[in-house]
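This is what each chain is made of:
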Amino acid sequence: MSKLDFDLVIIGGGPAGLAAGLYAARAKLNAILIEKMVPGGQILVTDWIENYPGFPEGISGADLVLKMTDQVRKFGLPIEGHEVLNVDFNQPIKKLQLNDKDLYAKSVIIATGASPRKLRIPGEDIFYGKGVSTCATCDGPFYKDGVVAAVGGGDTAVQESIFLTKFARKVYLIHRRDRLRAEAILQERALSNGKIEMLWDSVLKRIDGLTNVERISVENLKTGVTKNLKVDACFIWVGILPNTGFLKDAVALDQSGFVIVDSNMKTSAPGVFAAGDVRNTPLRQIVTAVGDAAIAAVSAEHYIEAVSR
Amino acid sequence: MAAGVNEIGDNSFDAEVLKADKPVLVDFWAPWCGPCRAIAPMVEELAGTFGTQIKFAKCNVDENPATPGKYGIRAIPTLILFKGGNVVEQITGMVAKSKLEAALNKLLS
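Line order of the protein sequences matches chains F and S.
Counting in this note's numbering, the first sequence runs without a single skipped number right up to 359 at its last residue.
Counting in this note's numbering, the second sequence runs without a single skipped number right up to 111 at its last residue.
What the hints contain is simulated information worked out from the structure, not anything from laboratory work.
Backbone N, C-alpha and C fix where the C-beta goes; we use that ideal spot for every residue, glycine too.
Zero decoy hints are in this set.
Per label pair, the in silico range of CB-to-CB distance:
1) Ile310/F with Lys21/S: 55 to 65 Å
2) Gln335/F with Lys21/S: 42 to 52 Å
3) Asp16/S with Val275/F: 47 to 57 Å
4) Lys53/F with Asp16/S: 52 to 62 Å
This is chain F alone, in the form it adopts within the complex (with noise of 0.2 Å):
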């Protein structure tokens, strides 16, 4: 064990990734951020976030990423652009394989979140961008006055289809239950929102058009029937999956491809830890994300207190 760059690398530039920078770097750890994209990670596509305290007004899932940022850097965390393949964790010397080099330190924090999930449905991957989307803040505008359709009942789906309404003059919402998972207060503005028509009970089965998205079938699981509707995009926010492919084996997942972790946001390699949502929680929010970040920089540094004596 001859090689190490740093005492700790932390995986992802979302929120959990640099709450986790901040606290390493204000204990003065030997650490590194390293992203595959820009810092941010699923907030940047949040039009509007209001349950993050200390921002009455709200804020904007870009601008909230791009104050976490410049916090960060002030404290002088290193954050570089690479993509983590392979991991060995098998040594007290953790071994990250990149895209462009090998990285090696005492310890890991995985906090890669996760990935809207597919429908897998005809259509959806030939016309994302041509009118399939998962980003309404990027995308939304583009359809003022259109007419389309939403697909999931949870947080996002309801919160970005009552952004849709700034610019759609329809917006179709199909959900597969007869309720809504929501947040009651995103329940409610959906419901009362006279441009959002609810598709209870009912599941998209394909997306159709020439060159753009032109109409879907949706099809009522209670009654059978399908129908077709004329619609200028479709939105889909049917869950996540946890960003852990590169993970391979190397620490315990749970059935769903969540890193598990123990109160310390410890995984089953000892050194590496996990934050936000690439873990098994109950609850996927900033809020939620950042608590783990700070528990899980603490427990590094600990950590890396311990194996360097």
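Using the hints, position chain S against chain F.
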């Protein structure tokens, strides 16, 4: 000319992009688009690296509806790489710096 990302629009698109003497990257963006704002610093950085060989431009789709309409853009961020007035590659959504670097190197080859 100093490397950077110049704002272009519907009126200047022909002269600045289609008739440019170098390959051009155009970043289609809007102020309301979070991911667009997130990748902007990366595009600026690449303009610093590739700026002598490739022209970097950005086009606000709110203020310039004609050009994104012409290229069928229905999602942003969209980056289009032009060479001799033709579209060589169109990248929609968030993109990793390494992938964009590879696309720019390919544009030059």
